[in-house]
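Chemist: Read off the chains here:
Protein chains: 2
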Amino acid sequence: MAVYTEVSDEELEAFLAEYDLGEVLGFKGIAEGVENSNFLLTTERGNFILTLYEKRVDPRDLPYFLGLMEHLAERGIQCPLPVHARDGRALRELVGRPAVIISFLEGLWPRRIQPQHCQELGGALARLHLAGRDFPMRRANTLSVAAWRPLFESCLGDADSVCPGLTAEIARELDFLEAHWPGDLPEGVIHADLFPDNVFFRHEMLSGIIDFYFACNDLLAYDLAICLNAWCFEPDGAFNATKARNLLKRYTEVRRVEPAELRALPVLARGAAMRFLLTRLYDWLNHPEGAFVKPKDPLEYLRKLRFHAEVRSPGAYGLEVA
Amino acid sequence: MAVYTEVSDEELEAFLAEYDLGEVLGFKGIAEGVENSNFLLTTERGNFILTLYEKRVDPRDLPYFLGLMEHLAERGIQCPLPVHARDGRALRELVGRPAVIISFLEGLWPRRIQPQHCQELGGALARLHLAGRDFPMRRANTLSVAAWRPLFESCLGDADSVCPGLTAEIARELDFLEAHWPGDLPEGVIHADLFPDNVFFRHEMLSGIIDFYFACNDLLAYDLAICLNAWCFEPDGAFNATKARNLLKRYTEVRRVEPAELRALPVLARGAAMRFLLTRLYDWLNHPEGAFVKPKDPLEYLRKLRFHAEVRSPGAYGLEVA
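Protein chains in written order, with the working numbering: chain D, 1 to 322; chain E, 1 to 322.
Treat the hints loosely; a few may be bogus.
Each pair may be met inside one copy or between any two copies, as identical chains are not told apart.
As the list claims (entries may be wrong) - Here are the computed lysine to any residue pairs in the SDA-like style, where the Cα-Cα straight-line distance is at most 25 Å:
1. K296 to V95
2. K249 to E6
3. K249 to G157
4. K55 to E32
5. K55 to P164
6. K296 to L66
7. K55 to T242
8. K55 to D175
9. K249 to D87
10. K55 to R127
11. K296 to E10
12. K249 to K296
13. K55 to A241
14. K249 to G183
15. K296 to H180
16. K296 to D9
17. K296 to G157
These are computed hints drawn from the structure, not numbers from a lab.
Make the full structure from the sequences, and use the hints.
Modeler: Quick look at the structure:
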């Protein structure tokens, strides 16, 4: 769940006095998300999400995230829109934390991914990448290839307790990824965390994308690689090439993709698997006693990494490449 | 938090097809409550709460709880109203669990209790007791005095690990409570769990009472005793006699109370403290590794128990008794 901070009724009332949202009719902590505290806020104006940014988010990044949501929403991307207080500011403070009210997006995230979801996702991701082209701010990806070895080194000595041989396997993979990471592919704004619980659907149609708190400037195709991992493996670990093809085909119909981007997909997907393997491993080894959040299984991503390590061409993802 | 069961979008859609609530626009797990899985369900008709009853609730008790909510709501008590499906049934099944949709009550529960809240609470509790008089079903209180010793015995040997001497102190207290528990006071339907997070307010006025899943037939004054413990102690452990007087005074203005009920308050409050001490102690000693719910501190209730054990007359609760 994700309520790390209690908000008293008095603090909430004082906070909302700065907005034109009418009376509060409901305020309930939401049991989703793992980085921030999220509340469903119901007022006379409707439903909203109130987010308190906890310490894993750098407050200096918030103008980028909020500015990006506004930028994308203005260009027709279905994403949350920060609500401005009467003084014009969207980024405020509550219980000593940066806090923002954003619009409530309608739809449900898919608990069981169907191929149709992946097709919708591909189109929406491409439109997001296109809409981000003229976003003027920049934020480096703090969880890309350069960050993995230091993250790994902070887990050294413990990794084998999760899975014997894991330390050596990750070390070998890092050597490979650092040597083969592509540097000359199209860059732009990427979401960088587009898991199914961040994508809403209504009647099988994509109705919203949320949680832009890992968004950054990086290789566009890396976002596709993250989605391949997050959307195209079955719960039993099998890779579903139909889902992958739906994702990639629709993406490339909306955004023109360079052949080099497609050729790089296996190494990008391998790297994307490494990124989530390492952050999950870190959380697994470092989650505090009595934490509310159950850490996610790092080995799920080790299996995905091994899959991509065997891939020799993007044809494995259902693509026909010249 | 309280989401023990994941509901897939397909299961949710099939479930909601039985209702006339329109399209689902939102479905988010709520991080409150500890017994059941609760979701905020937004549909074209508005906001609702979907509850899945987990194993701590006996399904045979559900008709009592749901019938009581309907009975009270019909008599003007602001409590959730079960939503009936098209076939007339409110109690259904989802993911193999009993499931109910109830109305969404507006208001916020008070994080910091003010004396005014206690006054409102007293009036609402009395109205609830009056409205329950002609409720035809019966349910024994499974957590009253007869249940405490067996519960205590299931903690034996471990209690002193929480606080040295706790085993002996509880044993002495149980002897006292079993010998002095009143038997001839007015009975009726009680809520039995009326903590602040189960009571909503708008503009300092009580706007709703939720969570009837401990409701039962028992001594009416025992409900008052539970509220004395839950509402009238400050976070530092001090008993706030102004809050207690507000609670009791307004209660007695609405429901005529027998002198014997008031005289019994110290022992009832001592017993109410024992009930929550024991269930918290049990949860403290038995909460599973990796559970989402952080167990509540049992010793808070040991301190309350000790306070009431020193009380010689209901005057300590701010009452003037003949």
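Chemist: Hints numbered earlier in the text: which of these fail when held up against the supplied structure?
Modeler: 2, 3, 5, 6, 7, 8, 9, 10, 12, 13, 15
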